[in-house]
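Given the coordinates of chain A, work out where chain B should sit on it, guided by the hints.
These protein sequence lines map, in sequence, to chains A and B. The letter at position 129 of the first sequence is residue 129 when you use UniProt numbering, and the numbering goes up by one with no holes. The letter at position 232 of the second sequence is residue 232 when you use UniProt numbering, and the numbering goes up by one with no holes.
None of these hints come from the bench; they were simulated from the model. Glycine included, each C-beta is placed from N, C-alpha and C at the ideal position. There's no promise every hint is true.
Each pair of labels, with its calculated beta carbon distance range [to be verified]:
id : chain 1 : residue 1 : chain 2 : residue 2 : range
1  : A       : ASN137    : B       : PHE161    : 44 to 50 Å
2  : B       : GLU103    : A       : LYS117    : 50 to 56 Å
3  : A       : LYS196    : B       : LYS105    : 47 to 53 Å
4  : B       : ASP274    : A       : LYS194    : 34 to 40 Å
5  : A       : ILE5      : B       : ASP274    : 24 to 30 Å
6  : A       : LYS83     : B       : GLY215    : 54 to 60 Å
7  : B       : GLU262    : A       : GLN171    : 23 to 29 Å
8  : A       : GLU99     : B       : TYR270    : 53 to 59 Å
Subject to a maximum C-alpha distance of 27 Å in a straight line, what follows is the list of computed BS3-like cross-link-like pairs (lysine-lysine) [as the list claims (entries may be wrong)]:
id : chain 1 : residue 1 : chain 2 : residue 2
9  : B       : LYS276    : A       : LYS203
10 : A       : LYS117    : A       : LYS194
11 : B       : LYS146    : B       : LYS259
12 : B       : LYS179    : B       : LYS154
13 : B       : LYS263    : A       : LYS203
14 : B       : LYS105    : B       : LYS154
Incomplete in silico selection of chain A near chain B, CB under 8 Å [said to hold, decoys possible]:
id : residue
15 : ASN34
16 : THR39
17 : ARG72
18 : ALA162
19 : ASP163
20 : ASN175
21 : ARG205
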Amino acid sequence: MGDDILSYNGGVALAMKGKECIAIACDKRYGVQNRTIATNFTKIFQYSDHCFVSFCGLATDVQTVSERLKFRTNLYELREQRKLKPNVLYNMLTNLLYERRFGPYFVFALVVGLDPKTGETFIYDSDNIGAVSDNVNLATVGTASEYIFGLGELFFKPNMNADELFEATSQALLNGVDRDSASGWGAVVYVIEKDKITVRELKGRQD
Amino acid sequence: MALANVLGFKSNNEFDRSLQCQKTDNNIDEFCPTLNIENIAQFITLPPYADPAKYLKMVNEKVDRVKIQFLKGTTTLAFKFRNGVIVAVDSRATAGGFIASGEVKKVIEINPYLLGTMAGGAADCAFWERVLARHCRIYELRNKEKISVAAASKILANMIFEYRGMGLSMGTMIVGWDKRGPGLYMVSDDGERISDNIFSVGSGSIYAYSILDAGYKYEMSTVDAIDLARRAIVHAAHRDAASGNIVRIYHMKETGWEKIEEKDTNDYMYQYRDEKTMNF
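Chain A extracted, bound-state conformation (with noise of 0.2 Å):
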């Protein structure tokens, strides 16, 4: 694993949209570069009804930020009496990781979310300084991104129902952290429609 911080704990997380749903999955590895010490450390993280963000990179930055940015979308809840929008949510984040921007936190950042009324989708994602993106079809953060990003190309079909999204998804992240030895034992994938969520834990390789 060499020097380098972003893969000193290793991880990894996936979104891919469908049509009117999103899919969001990450593995749940946690450990310290050739060390596994736990296989539960999920790295997905919700933040309104139809929100959630990913963090991927150095364990204690993934918690931190998270955290942090909830603090800030209570507050927004509680000023604003209304629900975050995705778009919403990105912005407060990219600034939060733009205010360390000398001196920055060590997590690449996934947004998706779905506007329940439309059913329209947004996947985004940020660099570890808040570099801002388009809304994209499809997008990977991690040490095994690479990989994923191939697969999901793949497997990647405009206007996919809710099924065909999971069982991409859940290919792309499967067979892309085989690749990479600082993710994978495990894998949970959220499916994100108007009317439901739904969360499955996948069966991996435990090596």
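Leaving out everything else, chain B in the frame of chain A:
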């Protein structure tokens, strides 16, 4: 090739000539000396300055942020017991975080009664163990008896010692059965050569040692010994990120080695989870 060399066999065929096995034509070979174990250093190109060890040291230790770090990302183990020696290895090769291969053969079959394991640099282990195989064969032909494990491991350790400090990376175990019974030596790139009943080498060795130390008895049956070795590799594959994929097990008996199995570690992990001997 080795036999031809020893007997001074002259051949007119092109294959031998290109391998510089034997002078076939005195004129052509003036500038090409024959390849012997004694002058192998001429054929392995060393850097063209006076003291290679001093400068190669720079890339092995962290001097001026230049460092090529060979991490022994693997799990290999071997232990002696009443019925011989069990050797078990994983099959993953990692380059940094990338899993370069899940099907590496980390047990090197030196000859039908000697095995070597691979940890560290694959090229280093494979090359020097093949040179060792040549030496063992020549010994057998000259002395009409099989070489002892002690002698074979000593030959390897002495060859490696010549290159000490120049960045070879090998943590290998030499396993065999000779007239003194089962033999197990660990030979490493710093010139260390030790004999003991249980060894494990690699980044996953710490996990393998715990399983081995907990379950090892010299009087184990063969079935139990194979099961212990398998569990040790499977547990190491689970915890160590740099080990995994396939577990290969060999049994060294009086009649030579036998390959017991090569199966996916992940299947065993789920089996052990169902048996409640492993939790994840």
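B:GLY215 and A:LYS83 - C-beta distance against the hinted 54 to 60 Å: Holds - the Cβ-Cβ distance for A:LYS83 and B:GLY215, about 56 Å, lies within 54 to 60 Å.
Given the hinted pair B:LYS179 and B:LYS154, is their alpha-carbon gap at most 27 Å? Holds, because 17 Å separates the two Cα atoms, which is no more than 27 Å.
Does the structure keep A:LYS117 and A:LYS194 at a Cα separation of 27 Å or less? holds (8 Å)
Consistency of beta-carbon spacing, B:PHE161 to A:ASN137, with hint 44 to 50 Å: Since the Cβ atoms of A:ASN137 and B:PHE161 sit about 59 Å apart, the hinted range of 44 to 50 Å is violated.
Has the hinted range 50 to 56 Å been met by the Cβ atoms of B:GLU103 and A:LYS117? Hint holds: Cβ distance 52 Å, inside 50 to 56 Å.
Quick check: does the Cβ-Cβ distance between B:GLU262 and A:GLN171 fall within 23 to 29 Å? holds (26 Å)
Given the proposed pairing of B:LYS263 with A:LYS203, does the C-alpha separation stay at or below 27 Å? holds (19 Å)
Range hint 47 to 53 Å (beta carbons of A:LYS196 and B:LYS105) holds or violated: Between A:LYS196 and B:LYS105, where Cβ atoms are some 49 Å apart, the hint holds.
So, as I understand it, the hint says A:ARG72 touches chain B; can you test that by seeing if any CB pair is closer than 8 Å? Because about 32 Å separates A:ARG72 from the closest Cβ in chain B, which is outside the 8 Å limit, the hint is violated.
Quick check: does the Cβ-Cβ distance between A:ILE5 and B:ASP274 fall within 24 to 30 Å? Violated - the Cβ-Cβ distance for A:ILE5 and B:ASP274, about 38 Å, lies outside 24 to 30 Å.
Hinted pair B:LYS276 and A:LYS203, Cα distance within 27 Å: Between B:LYS276 and A:LYS203 the Cα gap is close to 17 Å, so the pair holds against 27 Å.
Hint check, A:THR39 versus chain B [nearest Cβ-Cβ separation less than 8 Å]: holds (5 Å)
Violated hints, listed in ascending order, are 1, 5, 8, 17, 18, 19 and 20; each of the other numbered hints is respected by the structure.
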